[in-house]
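Protein sequence lines correspond, in order, to chains D and V. Position 90 of the first sequence, counting from 1, maps to 90 under the working numbering, and the rest follow consecutively. Position 99 of the second sequence, counting from 1, maps to 99 under the working numbering, and the rest follow consecutively.
One thing to keep in mind: the hints can contain errors.
In silico contact screen, one side only, chain V against chain D (beta carbon under 8 angstroms); selected entries [unchecked claim]:
(1) Lys42
(2) Val43
(3) Phe45
(4) Ser66
(5) Phe105
(6) Gln107
FYI, nobody ran anything at the bench for these hints, they're computed from the structure. All figures in this text were calculated on a predicted structure; none of them were measured in a lab. Heads up, the beta-carbon is just placed ideally off N, CA and C, and yes, glycines get one too.
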Amino acid sequence: DAKTTQPNSMESNEEEPVHLPCNHSTISGTDYIHWYRQLPSQGPEYVIHGLTSNVNNRMASLAIAEDRKSSTLILHRATLRDAAVYYCILRENNAGNMLTFGGGTRLMVKP
Amino acid sequence: EPEVTQTPSHQVTQMGQEVILRCVPISNHLYFYWYRQILGQKVEFLVSFYNNEISEKSEIFDDQFSVERPDGSNFTLKIRSTKLEDSAMYFCASSESAGIGEAFFGQGTRLTVV
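Taking the hints into account, I'd like the entire structure generated from these sequences.
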């Protein structure tokens, strides 16, 4: 899987939007962009994924740059429960099923 | 909401002993995985399993490790002779499809080798 780069940590205030960036300058045309998160003492949890177009679901939005070399996970209104490590992962369709986790971004949410 | 369940939540074992970690994947899923996370480190892929055979494995998954789906519901990870460095959280995951499919993870089993 191609490499992604994320900030080690970010801070947010409760009830404010959070934009978590991810750089993936070596992304290939068949790589999907996946986001998972890991709450303290829990297993990873799927958040969202996309290929080229922006995506929305009940948890978050994913904004993908036109050249696909970067993406941003948007939490519209951070809650204390959103404090977690967020992982941006590239995954090639029809390739191996494994997920390659990097260090992720540790999001801290202040009340 | 369906979930992946793992037992036990915490296992302590002596070095050299065999351990079996158990997982019940989501019932209609076809792809099963084990990952591990050593304390303070990244989540690492161990093995994926489909159609009753291993489809991929990492360098970590050596001859000391094996996986099995002994019946229609359980998926197990066996470590034959545990080492201190096997101490980690072990996560089971399952997915309905391959490739881009969403993977659902269990809460993990904390394995402590003493």
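For each hint, the structure was consulted:
no.	hint	result
1	Lys42	5 angstroms, holds
2	Val43	4 angstroms, holds
3	Phe45	4 angstroms, holds
4	Ser66	18 angstroms, violated
5	Phe105	3 angstroms, holds
6	Gln107	6 angstroms, holds
The earlier numbered hint that this structure contradicts is number 4, and it is the only one.
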